[in-house]
Every structure is written in structure tokens, then in C-alpha cells.
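Asker: All the letters of the sequence shown, read from the start, carry residue numbers 1 to 208 under the UniProt record's numbering.
Just to be clear, a hint being listed does not mean it is correct.
[Claimed, not checked] Beta-carbon label-pair distances, calculated as ranges:
1. Thr190 x Asp28: 51 to 61 Å
2. Arg67 x Leu27: 43 to 53 Å
3. Asp162 x His20: 41 to 51 Å
4. Leu74 x Lys38: 26 to 36 Å
5. Asn2 x Gln199: 47 to 57 Å
6. Arg67 x Leu142: 18 to 28 Å
7. Leu74 x Leu156: 17 to 27 Å
8. Lys192 x His20: 31 to 41 Å
[Stated by the list, open to error] The list that follows gives simulated cross-link-like pairs (lysine-lysine, BS3-like), each with its CA atoms no further than 30 Å apart:
9. Lys149 x Lys6
10. Lys133 x Lys58
11. Lys133 x Lys169
12. Lys192 x Lys169
13. Lys6 x Lys133
14. Lys114 x Lys5
15. Lys5 x Lys133
Derived by calculation from the structure, the hints in this document are not laboratory data.
All values reported here derive from a predicted model rather than from experimental measurement.
We treat Cβ as the ideally placed atom computed from N, Cα and C, and that holds for glycine.
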Amino acid sequence: MNDDKKTYIIEKAAELFFKHGIKSVTLDEIAGQASISKKTIYNFFKDKEDLVDQLTNKYFLCSDHFRLEEGDDLNAIDQIIKIRDKVIQILSLLQSNIDYDLRRTYPRIYEKLKNFKRVTVYNNECLLLEKGKKEGLFRAELDQDFIAKMTVGRSLFILNPDNGLFDEKEAMSLELFDKTIDYHLHAICTPKGIEYYKQQLNNVQNEN
């Protein structure tokens, strides 16, 4: 029962954070959103930072957003396209300055999330590269460690609006993600992989 109540508070806080950002939302407003007293919030969380920390765990660190889709019928390129579907969900969560507020207001939580993304993106990329090579979709001579680190750098630094290469709207757009994946796959795919990717790209475009 207590776990259900705690999850309920986190979900109600998330509704406000994802709409207005973290910094501007108060515990009083969260209590109002959840139709509970602020004292009840303190029964489950030490303070706002603790609430934000546990919310980050639920929606990012412990979610399926960063996990690879698995299945015998999915090749490496299929899995990348599945990641695209998850990115749509992730972008919708980050549109409300969540990332910015964490970086400025709760740097410890931000660093934890950044480190999680760094390790997860690196490991996922290594798994995909190994799988794609075995399937003949990715070039056999690719240095997996180098490519994986480049992918981490792209996701954490190049696409970070603070670095001035892309503004926040561009960095948070699905269009930029699609262009990045297109560039990436053309760099690592064999002719067989390129042909398969183009077929799947047409399918995705026809669905939209």
C-alpha cells in the first residue's frame, strides 16, 4: 500500500515536472496535484531532491527506454529503428527543461543520469556492432570500442545545446536524431546493410 502511494506521488510530481520543469514546481504544488498534504510527501521523501532522485530512477534509470529490443526476428538495424521509437518517448519527457533543471539545480542527480547514459549507450553500441558484423550488415573491420565511444560523444556532447552546435529545439528534435542515425549507418554498414536500411527507412516513412 505504501509503495502504491509513493508511486502515485512520483507520478503526480512527474506530471508537473514534465510540463513546467523541475525548478519552478514546489512541494505544495505537488501536494495539490496529488490531493494530499505536504506532510504526506515527507512521509515518503526526505525533501524535494529525494523526490526528484527517485523520479529519475523510475522514469530513466529503471525504465525500458534505454534497453535494446530483443528477439530472434530482429537484426541490428531493426534494433536501431526500435531505439528510434523509444527516442520519441524520451524526447517528449525532456522537452520541459528536465535535463537543464537537473544540471543546474541537482548536479549530483544529473551526473548520475549522465553516467548511466554514458555506460548504457556504450554497451548497447558494442552489442549492436558485434551483432551487425555477424549478420553481415556492418563492416567487419570496424573498431567497436572507437565507434561506441564516438556514439557516446555524439549523444552526450555534440547534441548538447550548451555546446552551441545545435540550439535546444534542434537538439530535442526527432529530425536531428534521424539525420544522425542516417549518417551513422552509412558510415558503418556494408552494401547489404545499406540496402536493408533503405528498405526499412521507406517502411518507417510510409507509416508516418
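Asker: Confirm or reject each hint.
Answerer: For each hint, the structure was consulted:
Taken as a hint, the range 51 to 61 Å holds for the pair Thr190 and Asp28, whose Cβ atoms sit roughly 58 Å apart. Our hint of 43 to 53 Å for Arg67 and Leu27 is violated, since their Cβ atoms are close to 32 Å apart. The hinted range of 41 to 51 Å is not satisfied by Asp162 and His20, whose Cβ atoms lie roughly 21 Å apart. Against the hinted window of 26 to 36 Å, the Cβ-Cβ separation of Leu74 and Lys38 comes to about 47 Å, which falls outside the hint.
The hint said 47 to 57 Å for the Cβ distance between Asn2 and Gln199, and at roughly 51 Å that hint holds. A hinted range of 18 to 28 Å for the beta carbons of Arg67 and Leu142 is consistent with their spacing of about 23 Å. Take Leu74 and Leu156: their Cβ atoms lie about 26 Å apart, and the range 17 to 27 Å holds. Checked against the given bound of 31 to 41 Å, the beta carbons of Lys192 and His20, roughly 48 Å apart, lie outside it.
Proposed proximity of Lys149 and Lys6 is contradicted: the alpha carbons are some 37 Å apart, above 30 Å. For a cut-off of 30 Å, the pair hint linking Lys133 to Lys58 is broken: about 34 Å separates their Cα positions. Using a Cα cut-off of 30 Å, the hinted pair Lys133 and Lys169 is violated, with the two alpha carbons roughly 35 Å apart. Distance restraint check for Lys192 and Lys169: the Cα-Cα separation of roughly 35 Å exceeds the 30 Å cut-off, and the hinted pair is therefore not satisfied.
Of the supplied pair hints, the one linking Lys6 and Lys133 is violated, its CA atoms being roughly 45 Å apart against a limit of 30 Å. A hinted pair counts as satisfied when its Cα atoms are at most 30 Å apart, and Lys114 with Lys5 qualifies at roughly 28 Å. Between the alpha carbons of Lys5 and Lys133 the distance comes to roughly 47 Å, so the proposed pair goes past 30 Å and is violated.
In terms of the numbered hints stated before, the structure departs from hints 2, 3, 4, 8, 9, 10, 11, 12, 13, 15, listed from lowest to highest.
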